[in-house]
Amino acid sequence: MNAPAGDDETRTYPGARRPDRQRRVDANGVGIAVYEWGDPDARPVLLTHGGFDFAATFDLLAPLLADAGLRVVGWDQRGHGSSDHAALYAFEADVRDAAIVLDSISPEPIDVVGHSKGGSVLMQLANALPHRVRSLVNLDGVPAGRNVPDIPDHQRTKLMAEDLTARLDHRRRVATLQRKPGTIAELAERRSRMNPRLDRAWLEYLVTIGARRDPDGWRWRIDPAMQMGGFGPWRPEWALMRLPDLGMPVLAVLGLVPELMGWGTRAEDVEPHLPPDGRVVALDDVGHFVHIEQPRRIADLILEHLERVP
Amino acid sequence: MSAPVTRLQHGRVTLALHHLSDGEGRPLLLLHGLGERTPDAVPERLAGWPGPVVGLDLTGHGASDVPAGGGYYCEALMGDVDAALAHLGPCTVHGRGLGAYVALLIAGARPTLVRGAVLADGPGLAGGGPNPPAPAVVTSLGPPPPVPTPDPWAMLELSRDVRPPDYAATYARLASVNSGLDVAVAVVGVNRPPWLEAVVQEPGVVACSLAEALERFAAVD
Chain A
19 MNAPAGDDET RTYPGARRPD RQRRVDANGV GIAVYEWGDP DARPVLLTHG GFDFAATFDL
79 LAPLLADAGL RVVGWDQRGH GSSDHAALYA FEADVRDAAI VLDSISPEPI DVVGHSKGGS
139 VLMQLANALP HRVRSLVNLD GVPAGRNVPD IPDHQRTKLM AEDLTARLDH RRRVATLQRK
199 PGTIAELAER RSRMNPRLDR AWLEYLVTIG ARRDPDGWRW RIDPAMQMGG FGPWRPEWAL
259 MRLPDLGMPV LAVLGLVPEL MGWGTRAEDV EPHLPPDGRV VALDDVGHFV HIEQPRRIAD
319 LILEHLERVP
Chain B
71 MSAPVTRLQH GRVTLALHHL SDGEGRPLLL LHGLGERTPD AVPERLAGWP GPVVGLDLTG
131 HGASDVPAGG GYYCEALMGD VDAALAHLGP CTVHGRGLGA YVALLIAGAR PTLVRGAVLA
191 DGPGLAGGGP NPPAPAVVTS LGPPPPVPTP DPWAMLELSR DVRPPDYAAT YARLASVNSG
251 LDVAVAVVGV NRPPWLEAVV QEPGVVACSL AEALERFAAV D
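Protein sequences, first through last, are from chains A and B. The numbering used here puts the first sequence at residues 19 to 328. The numbering used here puts the second sequence at residues 71 to 291.
Because the hints were derived from the structure by calculation, they are not lab data. Keep in mind that a hint or two might mislead.
Stretch-level coverage of chain B by chain A, calculated; a stretch enters the list once three of its residues show a Cβ under 8 Å from a Cβ in chain A [stated by the list, open to error]: (1) 84 to 94; (2) 109 to 117; (3) 191 to 198; (4) 205 to 215; (5) 234 to 241; (6) 252 to 259; (7) 262 to 273.
Yeah, the Cβ is synthetic: ideal placement off N, Cα and C, and Gly gets one too.
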């Protein structure tokens, strides 16, 4: 199937702006795509996307921060966006890749902002390398156990057996897997299952950046080897336990409208774990993708937070 | 003289499966410990196994590929073993250290393909312990080592991965419930890190000598 006429490669979206500069960083043999908006000599801030996203999901937030006088740096995690696909994907490797991107920006401590899994990655990074992080903003990325269903043990065991079979069957196929081709509208439609609250025109804009145009149609660039949910014993409290140790100013923003991709975390889940210089802001009219639904409001929260750390 | 090798594909990684000996019946699949590789010949203590003996070099070990940029975790190595099971069919699996933990995982996840898992002492048995260790980030490992394997990222990451006892116990339960075997897992080692202490308490798991374990699993269908 050929991409239909009129399925052109450029889309615009109100307020969205592509980065001013792009470069690549070598993370021990894995090429990482890095993007920058704004004055290269200004105070830097690192943005880190969530699982199954890519840096362009900051195309609304980043320009607002850049226009406020910041050097905004985003990056695609391994296997995501335009970064290299890797043989292995693990949380610890993402934290390491983040530190390598951080080192490519400045030797000074840097303000960092992470969404969803990107927030967890940065909490771990800030805990391990406190001298590299000046302040931290976590956008709906403090995990809580709330969206884990309460089911009897024998049923949990059965579900786990089915999940393991499916995951190993998937691993047997990954050497030859390809993403399914389609039109821009079809790829946006597929993505809307993970982003039900986001505007279709926004998702189509994302397709033209996060997908490539092959002769038989558009394909998301994300590595088809990756699967949702991770594979292993990871538990939400392992990310939460990083929070109280942080010595830098921390802002946790929560989007309270429940969504498939979110944790369902409430302010009362976070408050007992806040570090000495931490605060939580819960937004009751926003879903998981706070920075896409309300970029101006999130930019203002970040800028106000940065003013506390002159 | 080295044993014949079959190359197996697991995602982007090519693995080496070594054929150490022939025999009648179900293969015994050996999984080495952290930093080790498949031995050149069948170790004497395993010579009583009636079937063929094969050994898999896990990702980043022995003659298997070293992927770029690390990212190791035990469930990925379980996928390595699953690639071997896809090639060999049902096996009894013997794992040392890290390989013992991986043997437990695959016994729970592929209960009809693993006809008995033997968990033995060896490097990497404990992993990072039952709870997350203090976070550490190392961004580079300096000059490449003089030999390509074991991959230093494997050595670092697989000695820090978390192995919760209840998580391991669930795999033991899956193995005993879904394999149809009276005993699905035999613990033959001396060391008992918390995950293994929990596993040995589960029904369908026995602690016994290596000889008893081999005899028991050689006799099952």
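Tested hints:
Counting residues of the stretch 84 to 94 of chain B whose CB lies closer than 8 Å to any CB of chain A gives 0, which falls below the minimum of 3, so the coverage claim is violated. Counting residues of the stretch 109 to 117 of chain B whose CB lies closer than 8 Å to any CB of chain A gives 0, so the stated coverage by that chain is violated, three being the minimum. For the stretch 191 to 198 of chain B, the stated coverage by chain A is not satisfied: 0 residues place a CB nearer than 8 Å to a CB of that chain, which falls below the threshold of 3. Counting residues of the stretch 205 to 215 of chain B whose CB lies closer than 8 Å to any CB of chain A gives 7, so the stated coverage by that chain holds, three being the minimum.
Counting residues of the stretch 234 to 241 of chain B whose C-beta sits closer than 8 Å to any C-beta of chain A gives 3, which meets the bar of three, so the coverage hint holds. Evaluation of the coverage hint for the stretch 252 to 259 of chain B: breached, as 0 residues show C-beta separations to chain A shorter than 8 Å, against a requirement of three. Against chain A, the stretch 262 to 273 of chain B contributes 0 residues with a C-beta closer than 8 Å to a partner C-beta. That does not satisfy the three-residue criterion, and the hint is violated.
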